[in-house]
Amino acid sequence: MTELPRITRRGALLGAATLLAAPAISYAQSDVIRIGHLTPRTGFLGPLGEFAVQAGQLAMDEINAAGGILGRKLEITFEDSVNPQTASAKAERYIQRDKVSCIVGEINSASALAIGQVVQREKALFINTGANSDALRGSDCRKFMFHIEGQNSMYVKAVGRVLVQQGLIKGKKVYALTADYAFGHDLLRVAKRFMGENGGTVANEDLIPTDLTDFSPSCSRSAGAAGRHHR
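One gets this note's numbering by counting positions in the sequence shown from 1 and adding 4 to each.
Any given hint might turn out to be false.
To be verified - With a cut-off of at most 27 Å between alpha-carbon atoms, the simulated DSS-like pairs for lysine-lysine come out as follows:
no. : residue 1 : residue 2
1   : Lys103    : Lys77
2   : Lys176    : Lys196
3   : Lys127    : Lys161
4   : Lys161    : Lys176
5   : Lys127    : Lys103
6   : Lys147    : Lys103
7   : Lys161    : Lys174
8   : Lys174    : Lys103
9   : Lys174    : Lys196
10  : Lys196    : Lys177
11  : Lys161    : Lys177
12  : Lys147    : Lys127
Stated by the list, open to error - Computed spacing ranges between beta-carbons, pair by pair:
no. : residue 1 : residue 2 : range
13  : Asn68     : Leu172    : 28 to 38 Å
14  : Ala59     : Asp218    : 27 to 37 Å
15  : Ile152    : Thr81     : 16 to 26 Å
16  : Gln170    : Asp35     : 15 to 25 Å
17  : Arg97     : Phe55     : 18 to 28 Å
18  : Ala70     : Asn208    : 46 to 56 Å
19  : Lys161    : Ala59     : 23 to 33 Å
20  : Lys161    : Asn208    : 21 to 31 Å
21  : Thr46     : Ile212    : 13 to 23 Å
22  : Gly71     : Tyr159    : 36 to 46 Å
Hints in this document: simulated from the structure, not taken from any laboratory. Bear in mind that the values here come from a model prediction, so they are computed numbers and not experimental data. Here a beta-carbon is modelled for each residue, glycine too, at the ideal position from N, C-alpha and C.
Produce the complete structure using the sequences and hints provided.
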């Protein structure tokens, strides 16, 4: 009996991406299946993006070493999305010029929203692997987007329910420090709603610039707010 090649999680993900994009693949195309990978490789999310690139490269190598997908070689092109404007432009180029079967990746919720607009217009598949904003699954949900990552509401409720059980929400006040971009704005909104629904309140909040490296002023304000509310 012939042993089937071992399928890894990375291989399964990229294989699923290709199968979902199958209607867009024609037998007249080359023997190469092309996937465009978009994620930040510079800026404040750059370190996370580099891990994603390494995982994608490893998955491609594993799949090709095992004979590819249905006998076809997998080719992943990696691009730095940097910001929403760049993400939108590169997504459009991937689809129109490079003729990729699908786009995979992203971490920045604002960039994922921008890519969503492109794939909706171009009728191309986008598999979101790391952007968490609820808007991507709600108000800005797109027909051609597929998510393998959780959303902010899931994380808030998962952690929040444990805090409720431990008596750390009802009657309590919290100080929120949140990243000042789409993900953080959405996370703060969801967290404040959960607090209100469970008898807690947000005493104060700060939106933290994504390029900030010194958090001491915010920490001082949060400590001061906590002191005032415990007097």
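The hints, checked one at a time:
1. Lys103 / Lys77: holds, 15 Å
2. Lys176 / Lys196: holds, 12 Å
3. Lys127 / Lys161: Violated, at about 33 Å.
4. Lys161 / Lys176: Judged against 27 Å, a Cα distance of about 17 Å means the pair holds.
5. Lys127 / Lys103: holds, 12 Å
6. Lys147 / Lys103: Distance of about 19 Å is within 27 Å: holds.
7. Lys161 / Lys174: holds, 15 Å
8. Lys174 / Lys103: violated, 53 Å
9. Lys174 / Lys196: holds, 13 Å
10. Lys196 / Lys177: Between Lys196 and Lys177 the Cα gap is close to 11 Å, so the pair holds against 27 Å.
11. Lys161 / Lys177: Given pair Lys161, Lys177 holds - Cα atoms ~17 Å apart, limit 27 Å.
12. Lys147 / Lys127: Distance of about 9 Å is within 27 Å: holds.
13. Asn68 / Leu172: 28 to 38 Å: Given range 28 to 38 Å: violated, Cβ gap about 49 Å.
14. Ala59 / Asp218: 27 to 37 Å: holds, 32 Å
15. Ile152 / Thr81: 16 to 26 Å: Given range 16 to 26 Å: holds, Cβ gap about 20 Å.
16. Gln170 / Asp35: 15 to 25 Å: violated, 57 Å
17. Arg97 / Phe55: 18 to 28 Å: holds, 24 Å
18. Ala70 / Asn208: 46 to 56 Å: holds, 54 Å
19. Lys161 / Ala59: 23 to 33 Å: holds, 27 Å
20. Lys161 / Asn208: 21 to 31 Å: holds, 23 Å
21. Thr46 / Ile212: 13 to 23 Å: holds, 19 Å
22. Gly71 / Tyr159: 36 to 46 Å: Distance hint for Gly71, Tyr159 holds at roughly 38 Å.
When held up to the earlier numbered hints, the structure conflicts with 3, 8, 13, 16 and fits the remainder.
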